[in-house]
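**Student:** Each chain, written out:
2 protein chains.
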Amino acid sequence: MTASPPAPQEPLTPGRGTRLDPWYASYAERTHGMKASEIRALFSVANRPEVVSLAGGMPYLAGLPMEIVAEVTDRLLRERGAVALQYGSGQGDVALREQITTVMAEEGITSHPDDVVVTTGSQQALDLVTRIFVDPGDVVVAEAPSYVGALGVFRAYQADVVHVEMDDDGLVPEALEATLTRLAAEGRRVKLLYTVPNFHNPGGTTLSLERRPQVVEIARRHGVLVLEDNPYGLLGFDDLTENPVMPALHSYNPQGVVYLGSFSKTFAPGYRVGWALAPHAVRERLVLASESAILCPSNMSQMSIATYLSTCDWRGQVKSYREVYRERRDATLHALAEHMPHATWTRPAGGFYTWVTLPEGLDAQAMLPRAVTELVAYVPGTAFYADGTGHRYMRLSYCYPTPERIHEGVRRLANVVNAELDLVRMFGTGGAGTRLAGTLNPGPNQA
Amino acid sequence: MTASPPAPQEPLTPGRGTRLDPWYASYAERTHGMKASEIRALFSVANRPEVVSLAGGMPYLAGLPMEIVAEVTDRLLRERGAVALQYGSGQGDVALREQITTVMAEEGITSHPDDVVVTTGSQQALDLVTRIFVDPGDVVVAEAPSYVGALGVFRAYQADVVHVEMDDDGLVPEALEATLTRLAAEGRRVKLLYTVPNFHNPGGTTLSLERRPQVVEIARRHGVLVLEDNPYGLLGFDDLTENPVMPALHSYNPQGVVYLGSFSKTFAPGYRVGWALAPHAVRERLVLASESAILCPSNMSQMSIATYLSTCDWRGQVKSYREVYRERRDATLHALAEHMPHATWTRPAGGFYTWVTLPEGLDAQAMLPRAVTELVAYVPGTAFYADGTGHRYMRLSYCYPTPERIHEGVRRLANVVNAELDLVRMFGTGGAGTRLAGTLNPGPNQA
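Chains A and B, in that order, are what the protein sequence lines are.
Reminder that position 131 of the first sequence reads as 131 in our numbering, one-by-one numbering, no gaps.
Reminder that position 173 of the second sequence reads as 1173 in our numbering, one-by-one numbering, no gaps.
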């Protein structure tokens, strides 16, 4: 049934373009901020099996009961296939939204399904919240460092990100207060405080119980909406009978917080299902924005997860994930203590990441090509700052490799660090060559 | 494991908000253009089973071989579940992208998987193309009328839509030339020509073979990128041995056209899988924009479709869809001829829609509440114009109801039209009351 097309006309060369990209001059202003990073090319190498990747944020799925997931999906398609494969509601499947309120109750959140919007991963929720709030030049305040994928979204909407200091207890309230006061005095419009309070990506830290109401209150007083991103909240490693799950920021002021959740870490990312819980009027805008962006989230994905949640022991699955990741966190901390005496690092109580501070004079971004040559990969700290700083840091992810591989990876990394240190001591500068240009775009590798 | 949150602080009342929406004054400028339509509320009524809905664009899925889909999915999860449920590539699964090039070859498109970006439905592709090209105030040229979901995207990016006349042979080249010349003289930046060349939504018309190279050439000469939206291209009703599938606009000038395709109409919308085929440099930007928006499309959805395409007779399924929709198109045209002698309508050679012109003096938007009271629904023409016109038109969808229901729906609609006509003849104006305010947001109902 193929028709042969007429011969093409002469090639297109609109006057405004370039030889490599005829449409170069047609792009929107926001597009010129989107750059593929040189680091990206390195990561494609880092995906080779001989490389120990401490870079990716891919959850460990081998522990999923695949037989049960297959059975559940089979029944879904046979019994309700014509609904699962059809268009659905822009806001998301109501049965799933009800279950999401149950999941959030584990973190002290009282919510109604009407105020939940299901999104294509919580990344889309980040995009939609930014879309409805941020004009070019508006300020988003975020921890230093901050999630690379969120920084990418803020950049795409031409926001100015202003970082606020974080320590082992998370965002520092005094620093937040000082920053918001200064920005107000400068007449800047601060639209959002973006924060990852639990098992921070990339910091590995958790906002202390004491600071939670302080942070919410400071934002409230300054009229700044809190964007609470919490993909890892249920993945804490402590004994939960002694040390309860931290209350979400949302629970202190539901009208002042948009809360983002995700099934990517507690179940599986391949469905791309996350959500936003928002004040009523904001939720209405989010639904309109989402319908414009994608019409509706996948019914098949949503109903697969809803069926899994209602028929399987999902709390047991989350518990087994916690045990896997705790073992890997321990392996990482042991290996760092054994091999990297000159560095320091955070001690995550949950989640996927630890944040390593290199000895003075080292540059994690410049060192990356050498590390990949030595068959180990990480994400340099620069990816997590909007202001071009962060060279001395690296994020190590322990979620995907086995404890043995983690140990081997940290050992290789230590060799690279030590070789760099020798050069610094001898010549006053590292040997890894020039800095790589370009900001890191969020890819699944860095999720 | 629930922690009881401390008592909430005093309720938030940022100075800039309103009583109903404390965040009202914080929204981005683009957000104030997003309005829930009063029509929307009517559609929720229209979903009641006693209403014959000629409004929705939901494909008819009862014809899908659900047993086979369930088997294919079961095998996918058991054999490759750990990949299907994991994060994937931002550009999309390479196996699916290869199959997409085969699907596009049916319409005369020669393409490489590297130039395909998989998206969350082709709606997301529309969003991403607009995102990378359109600054506020830029012009998008589109047919009059045009797909409501595309108009919503253009509005979300603050584009000015300028409509160009269409007739039974599709977009009128002379009108396109005149419009682009006028806009250039006015110094406007025209970024995109958005067009649905096959079985137009909502027009039901198809761009003639003769006009295709003309339209592409006019856009090329004016340096305007063509955005070719083709969800229905394979759903033509004519005998394909005599009347081949029309060549895509893309086949005339691959460097000047971004082509959008979708599995929503040829397979099923519930997976939310569509794609864009774009010139190389544009494709790179689309991938960066998509990673920022959603990280990556669903592996589970993509691999489900890839497995279906490679193991099932998808061409046979498309053929059976064509037969179902042709029968329903015929039912619609017969019913219109029988019951609506005072109206005119297009005769679609494929796709889901016919476009009805009401007798002078009638207003399809004002008439809608009365129609819903009479248990029939349609989408008024105003939804498909960015300039507030279109009151005399309505879109009738025949994709979802059975031929019997279509006949009954058109009969009910004719009663409403005739009653309105009587009023117009007596009093010079219809009786349906005041016009509904608000533009129609694209929802799954109007896809």
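Bear in mind the hints are in silico, worked out from the structure with no lab data behind them.
Take these hints with a grain of salt, some might be off.
Below are the EDC-like pairs computed for lysine to aspartate or glutamate, each with C-alpha atoms no more than 16 Å apart in a straight line [stated by the list, open to error]:
| # | chain 1 | residue 1 | chain 2 | residue 2 |
| --- | --- | --- | --- | --- |
| 1 | A | 319 | A | 238 |
| 2 | B | 1035 | A | 284 |
| 3 | A | 35 | B | 1284 |
| 4 | A | 319 | A | 239 |
| 5 | B | 1319 | B | 1239 |
| 6 | B | 1319 | B | 1106 |
A few chain B residues that face chain A, going by a derived Cβ cut-off under 7 Å, partial list only [stated by the list, open to error]:
| # | residue |
| --- | --- |
| 7 | 1183 |
| 8 | 1186 |
| 9 | 1191 |
| 10 | 1281 |
Interface residues of chain A toward chain B, partial, derived using beta-carbon atoms under 10 Å [said to hold, decoys possible]:
| # | residue |
| --- | --- |
| 11 | 18 |
| 12 | 70 |
| 13 | 149 |
| 14 | 289 |
| 15 | 312 |
| 16 | 314 |
| 17 | 342 |
| 18 | 345 |
| 19 | 349 |
Note that CB positions come from ideal geometry on N, CA and C, so glycine has one too.
**Student:** Look at each hint and say if it fits the structure.
**Tutor:** Going through the hints against the structure:
Between residue 319 of chain A and residue 238 of chain A the alpha-carbon distance is near 11 Å, which keeps this suggested pair within the 16 Å criterion. The straight-line distance between the Cα atoms of residue 1035 of chain B and residue 284 of chain A is roughly 9 Å, inside the 16 Å bound, and the hint therefore holds. Proposed proximity of residue 35 of chain A and residue 1284 of chain B is supported: the alpha carbons are some 9 Å apart, at most 16 Å. For the proposed pair residue 319 of chain A and residue 239 of chain A, the alpha carbon gap of about 11 Å is at most 16 Å, so the pair holds.
Proximity of residue 1319 of chain B to residue 1239 of chain B is assessed by CA-CA distance (about 11 Å); at most 16 Å being required, the pair is judged to hold. Restraint check for residue 1319 of chain B and residue 1106 of chain B: the C-alpha separation of about 13 Å stays at or below 16 Å, so the hint holds. Given hint, residue 1183 of chain B at the interface with chain A, is violated; its Cβ is 14 Å from that chain's nearest Cβ, farther than 7 Å. Restraint check, residue 1186 of chain B versus chain A: the minimum CB separation of about 17 Å is more than 7 Å; hint violated.
The criterion of a C-beta within 7 Å of any C-beta in chain A is met by residue 1191 of chain B, whose closest approach is roughly 6 Å, and the hint holds. Because the smallest distance between the Cβ of residue 1281 of chain B and any Cβ of chain A comes to about 3 Å, under 7 Å, the interface hint for this residue holds. With a cut of 10 Å, the hint placing residue 18 of chain A at the interface with chain B holds, because the nearest CB-to-CB distance is about 9 Å. Interface hint at residue 70 of chain A: satisfied, since its Cβ lies 4 Å from the closest Cβ of chain B, which is below the 10 Å cut-off.
For residue 149 of chain A, the interface hint holds, since its Cβ comes within 10 Å of a Cβ in chain B; the closest pair sits about 7 Å apart. Below 10 Å, beta-carbon pairs count as interface contacts, and residue 289 of chain A has one with chain B at about 6 Å; its hint therefore holds. With 10 Å as the threshold, the beta carbon of residue 312 of chain A stays out of range of chain B, its nearest partner Cβ sitting at about 14 Å, so the hint is violated. Interface restraint check: residue 314 of chain A against chain B, minimum CB-CB distance 13 Å, threshold 10 Å, status violated.
Interface restraint check for residue 342 of chain A: the shortest CB-CB distance to chain B comes to about 33 Å, outside 10 Å, so the restraint is violated. Given the 10 Å rule on beta carbons, the hint for residue 345 of chain A is violated: about 25 Å separates it from the nearest Cβ of chain B. Restraint check, residue 349 of chain A versus chain B: the minimum CB separation of about 14 Å is more than 10 Å; hint violated.
Violated hints, in rising order: 7, 8, 15, 16, 17, 18 and 19; the structure is consistent with all others.
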